[in-house]
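What follows is the residue order along each chain.
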Amino acid sequence: SQTIHQWPATLVQPVGSPLSLECTVEGTSNPNLYWYRQAAGRGLQLLFYSVGIGQISSEVPQNLSASRPQDRQFILSSKKLLLSDSGFYLCAWSVGAGAVDGYTFGSGTRLTVV
Amino acid sequence: AQKITQTQPGMFVQEKEAVTLDCTYDTSDPSYGLFWYKQPSSGEMIFLIYQGSYDQQNATEGRYSLNFQKARKSANLVISASQLGDSAMYFCAMREGIVGNQFYFGTGTSLTVIP
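The listed protein sequences correspond, in order, to chains E and S.
The numbers in the numbering used here rise by one with no breaks, and the one at position 60 of the first sequence is 60.
The numbers in the numbering used here rise by one with no breaks, and the one at position 35 of the second sequence is 35.
Treat the hints with care, since some could be wrong.
[Unchecked claim] Residues of chain E clear of chain S, computed beta-carbon distances all greater than 10 Å:
{"id": "1", "residue": "PRO69"}
{"id": "2", "residue": "VAL95"}
{"id": "3", "residue": "ASP101"}
[Unchecked claim] Covered, in the sense of this in silico footprint (three residues per stretch, anywhere, with C-beta under 8 Å from a C-beta of chain S), are these stretches of chain E:
{"id": "4", "region": "11 to 18"}
{"id": "5", "region": "23 to 32"}
Calculated directly from the structure, the hints in this document are not laboratory data.
Keep in mind that this is a model prediction, so the values were computed, not measured.
For every residue, glycine included, the Cβ atom is placed at its ideal position computed from N, Cα and C.
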């Protein structure tokens with residue numbers, strides 16, 4: 001069966017420090033991978049998605065970047081965190097990109113930038 | 001225009017009663033999928049139910065059913081026999097087209113089940 005792992009679960013980082021959040025998927029090949037951010041009490045904002053190794057699409061210009069070094073690995077990074085980067089980060093994957101393809105989400109990372 | 005609209009920021013329901021969470025959507029694509037997700041306080045997003053635009057019947061999954069009214073572009077989630085564990089945020093979402101990476105989420109409805 002397919003599973004998705006996301007870590008760490010919580011993170012407190014000072015302003016200006018780097019960030020690396022990792023997401024891995026098991027039990028499937030060539031998944032579509034996504035990074036979302038959810039601000040407190042808000043909906044989900046798509047940050048990045050990837051349809052294959054090395055292929056990254058950015059939805060929102062920001063202080064963050066994403067990479068996909070392996071088929072089932074998706075990494076969210078920042079060189080210097082801002083206070084506004086605080087939020088709940090969710091990784092998700094889907095089999096395809098069609099109307100029938102729902103997401104499976106990771107358990108999320110709660111990032112607090114202080 | 002908003003692709004997904006959830007007009008109820010917060011809802012309360014008595015335990016064992018049924019509750020309807022509203023969702024309207026906006027698309028001109030004849031092929032789309034509608035999804036509901038539950039987000040408990042732990043943060044994880046849990047898939048609940050799916051309705052395809054070509055599906056003739058309303059989707060059901062256990063105590064969850066989706067009241068799909070295509071002409072009105074609404075996809076309301078009905079939870080029957082509410083339980084305390086149903087207290088959570090609920091998100092309606094839509095995916096359009098045969099191939100498209102956009103997955104639109106509503107702003108969510110916070111449901112509280114009262115004992």
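Hint check:
With 10 Å as the threshold on Cβ separation, the claim that PRO69 (chain E) sits away from chain S holds: the shortest Cβ distance comes to roughly 20 Å. For VAL95 (chain E), the requirement that its beta carbon stay farther than 10 Å from each beta carbon of chain S is met, with the minimum near 12 Å. Distance to chain S contradicts ASP101 (chain E) as a non-interface residue, since its nearest Cβ pair spans about 7 Å, not more than 10 Å. Counting residues of the region 11 to 18 of chain E whose C-beta lies closer than 8 Å to any C-beta of chain S gives 0; at least three are required, and the coverage claim is violated.
Counting residues of the region 23 to 32 of chain E whose CB falls under 8 Å from any CB of chain S gives 1; the rule of at least 3 is not met.
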